[in-house]
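S.K.: One letter stands for each residue in the lines below.
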Amino acid sequence: MAFEVDGKTIETDEEGYLVDLSQWTEEIANKLAEGENLEMTSDRWEIVNFLREYYQEYQIAPAVRVLTKAVGKKLGKDKGTSKYLYELFPYGPAKQACKIAGLPKPTGCV
Amino acid sequence: MEGTKPFFAKPDHQKSLGFPGELIENWHDTAIGKMGDLLGKYRSFQVYLDSCVKCGACTDKCHYYLGTKDPKNMPVGRQDLLRSVYRRYFTFAGKYFPKLVGARDLTREVLDDWYSYFHQCSQCRRCSVFCPYGIDTAEISMAAREILDSVGIGQKYCNEIIGKCYTIGNNLGLPEPALRDTLEDLEEEIFEERGVRVRLPLDEEGADVLLITPSADFFAEPHVDGLMGYAMVFHEAGIKWTLSSYASEAANFSMFIGSYENMKKQAERIRKAALDLGVKRIMHGECGHAWRVAYSFWNTLAGVGHGADPNDKYAQELQQRLDPNFPVPQHICEFTWDLIQRNQLNLDKSANDDKVLTFHDSCNVARASRMGDTPGGQFEIPRKIIQAVCNNYVDMPRDTIKESTFCCGGGGGLLTDDLMEVRVKGAQPRMEALNRVVEDHGVTNMAAICAICKSQFAKVLPYYKMPMDMIVSVHQLVRDALVLTGQTNGEAEADPDEAQAEES
Chain A
1 MAFEVDGKTI ETDEEGYLVD LSQWTEEIAN KLAEGENLEM TSDRWEIVNF LREYYQEYQI
61 APAVRVLTKA VGKKLGKDKG TSKYLYELFP YGPAKQACKI AGLPKPTGCV
Chain B
1 MEGTKPFFAK PDHQKSLGFP GELIENWHDT AIGKMGDLLG KYRSFQVYLD SCVKCGACTD
61 KCHYYLGTKD PKNMPVGRQD LLRSVYRRYF TFAGKYFPKL VGARDLTREV LDDWYSYFHQ
121 CSQCRRCSVF CPYGIDTAEI SMAAREILDS VGIGQKYCNE IIGKCYTIGN NLGLPEPALR
181 DTLEDLEEEI FEERGVRVRL PLDEEGADVL LITPSADFFA EPHVDGLMGY AMVFHEAGIK
241 WTLSSYASEA ANFSMFIGSY ENMKKQAERI RKAALDLGVK RIMHGECGHA WRVAYSFWNT
301 LAGVGHGADP NDKYAQELQQ RLDPNFPVPQ HICEFTWDLI QRNQLNLDKS ANDDKVLTFH
361 DSCNVARASR MGDTPGGQFE IPRKIIQAVC NNYVDMPRDT IKESTFCCGG GGGLLTDDLM
421 EVRVKGAQPR MEALNRVVED HGVTNMAAIC AICKSQFAKV LPYYKMPMDM IVSVHQLVRD
481 ALVLTGQTNG EAEADPDEAQ AEES
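Quick mapping for you: the protein sequence lines, in order, are chains A and B. Going letter by letter, the first sequence gives residues 1 to 110 in the numbering used here. Going letter by letter, the second sequence gives residues 1 to 504 in the numbering used here.
Certain hints may be false.
Unchecked claim - Covered, in the sense of this in silico footprint (three residues per stretch, anywhere, with C-beta under 8 Å from a C-beta of chain A), are these stretches of chain B:
(1) 173-179
(2) 269-283
(3) 411-424
What the hints assert, rightly or not - Which chain B residues face chain A? A few, computed with CB under 10 Å, are given here:
(4) 7
(5) 12
(6) 101
(7) 105
(8) 160
(9) 185
(10) 187
(11) 189
(12) 215
(13) 249
(14) 324
(15) 383
(16) 458
(17) 465
(18) 466
(19) 470
Said to hold, decoys possible - Pairs of lysine-lysine, DSS-like flavour, derived with a Cα cap of 30 Å:
(20) B:156 with A:105
(21) A:31 with A:83
(22) A:77 with B:355
(23) A:79 with B:156
(24) A:105 with B:5
(25) B:240 with A:105
(26) B:240 with A:95
(27) A:83 with B:355
(28) A:95 with B:34
(29) A:105 with B:34
(30) A:83 with A:73
(31) A:69 with B:240
(32) B:156 with A:8
(33) A:105 with B:265
(34) A:95 with B:156
(35) B:465 with A:69
(36) B:264 with A:105
(37) B:240 with B:34
(38) A:105 with A:77
Read the hints as simulated data drawn from the structure, not as lab findings. Predicted, not measured: the structure shown is a model, and the values here were computed from it. Think of the CB as a built atom: it goes at the ideal place given N, C-alpha and C, for glycine as much as any other residue.
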């Protein structure tokens, strides 16, 4: 699969994840979110940006518990819950948010 | 379901497991050759193909059949996809009078059907319980996947994951620094809640116990709550334990694809970690199929337990090393139940009074292994643990639990988004049984001891109008009831230095 952003062809795998992670831009994130029927509000950007930061350090998306705690610390305790994250990313923060953030899909029994 | 196919493995996923990258030219002869090879290797496989009398006992026993109503998802229908080809090439009648005995040539269409329907089987073995001959569809399904892999058609989900185990050490692809960071985070969380320094050690040489657990325990919910439970139980028992970053995975997906060679290679990673760390015991976290691999196959795969190859130096070394005074290998539930029986854990059941529990028997634990030293221990021990930590417990209807348990719908390598429809439909019998006890007994939560079950239920419960957090880990319930020695209500009341001193 592929789509175009600014005249550039962006390839995704059969599940819609970026093939070349280095191609990621905010514009592409908007496009990927569109495919998920999600609008990139500032709340969603906060999560996506955190995922990208974490990925740069650890080469994997953060565990759900790590994510909720980090979000809680940064944005207030009421947002540091998986319920909040599922409200933002109904298909699951790990998979859906990773896709938009241009990260590989977490695999395994998750 | 007609036309259902999971994504194909990419050439590099295939090659790292020793399979051809894509469909090979002489796939027909290679597939038949592979079938012959497996018939020679596994006597059971041939017996299963020969002995079906079409009695019909299995027809309504498969959750995928019940959910999809597709006759090819009847266990006998699924077996016949392969049996018909077996008859054509390996039996006298099928070679000369194929039409009379339902024998057929292996064509591309047949191969496609295999790929589709042997990925609509979670190898849960429920049908084998009701078959008067004990025909095990799981074994036929594993053989079919092995044949498919040998001609270059693999499933992306399983094969990509096995490759990650080889390169990174776990299914998730969680590298050591991320694992370390996650464990430290969990230690901090326990300290904040309880005021006690409970450790989740990684790669600590000289520990007594190596804990092998599904990597989902580090990553997902409610799995991670169970992991905290194991750590707290070890802490209270005063046992030195460790996780390994080299073998940070209990799961062995090679069983799902029927590949003995890869299953051995995965098991040997755990053996290497055990030898390098110098442990005396290997213990298993809450993972269903991994417990089957460990309990039933580890002895010949890696030398855990009895039956190691006398010429296998490492297997012999491991047998010398492991302490025979404990079960080899041991399940975390066996360990916790033993402590509970000896009154070694201070449990406050009322901590779980907000819940009414039921227990989902995971298929590989229920029908392919055991716990404890009495028959049926794998059914009783988890239930006894739950009842020791919770006041309210009810079983689901008898024909849906214990040896008759229904699969969660995501086992056997089907826990992937590209099979979501099959997963939702396959979960239907379990969801109906659960719904029954919700309505009749006010059940609020279902506990399980398998990472696949937990993830599958978290995903499909909402499809059946039940909340995703209804599924809990057994050791999450233990954690919540366990009163730690020296526990306070939170960090503010605790003196960290004192807590540390106590520990050492």
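S.K.: Hinted pair, alpha-carbon criterion (30 Å max): residue 156 of chain B, residue 105 of chain A. Please report holds or violated.
M.R.: Distance ~13 Å between residue 156 of chain B and residue 105 of chain A Cα, so the pair holds.
S.K.: Take the shortest C-beta to C-beta distance between residue 105 of chain B and chain A; is it under 10 Å?
M.R.: violated, 31 Å
S.K.: How about residue 470 of chain B: closest beta carbon in chain A under 10 Å, or not?
M.R.: violated, 14 Å
S.K.: Minimum Cβ distance from residue 458 of chain B to chain A below 10 Å?
M.R.: Nearest chain A Cβ about 9 Å off; hint holds.
S.K.: Residue 465 of chain B was flagged as interface toward chain A. Is the shortest Cβ-Cβ separation under 10 Å?
M.R.: violated, 15 Å
S.K.: Counting residues of the stretch 173-179 of chain B with a beta carbon closer than 8 Å to any beta carbon of chain A, are there 3 or more?
M.R.: This one holds; 5 residues, not fewer than the three required, reach chain A with a Cβ under 8 Å.
S.K.: Would the pair residue 79 of chain A and residue 156 of chain B pass a check requiring their Cα atoms to be no farther apart than 30 Å?
M.R.: Roughly 35 Å separates the two Cα atoms, so the pair is violated.
S.K.: When you check the alpha-carbon spacing of residue 240 of chain B and residue 34 of chain B, does it fall within 30 Å?
M.R.: The hint is violated at about 46 Å.
S.K.: Does residue 156 of chain B sit within 30 Å of residue 95 of chain A, going by the straight-line distance between their CA atoms?
M.R.: Satisfied, since the Cα-Cα distance of roughly 17 Å is no more than 30 Å.
S.K.: Take a quick look at whether residue 105 of chain A and residue 265 of chain B sit within 30 Å of each other, Cα to Cα.
M.R.: OK: residue 105 of chain A and residue 265 of chain B at ~25 Å, within 30 Å.
S.K.: Cut-off 8 Å, C-beta pairs, minimum 3 residues; does the coverage of the stretch 269-283 of chain B by chain A stand?
M.R.: violated (count 0)
S.K.: Between the alpha carbons of residue 83 of chain A and residue 73 of chain A, is the straight-line distance 30 Å or under?
M.R.: At roughly 16 Å apart (the allowed maximum being 30 Å), residue 73 of chain A and residue 83 of chain A satisfy the hint.
Checked against the numbered hints given earlier, the structure breaks hints 2, 5, 6, 7, 10, 14, 15, 17, 18, 19, 23, 25, 26, 28, 29 and 37 and satisfies all the rest.
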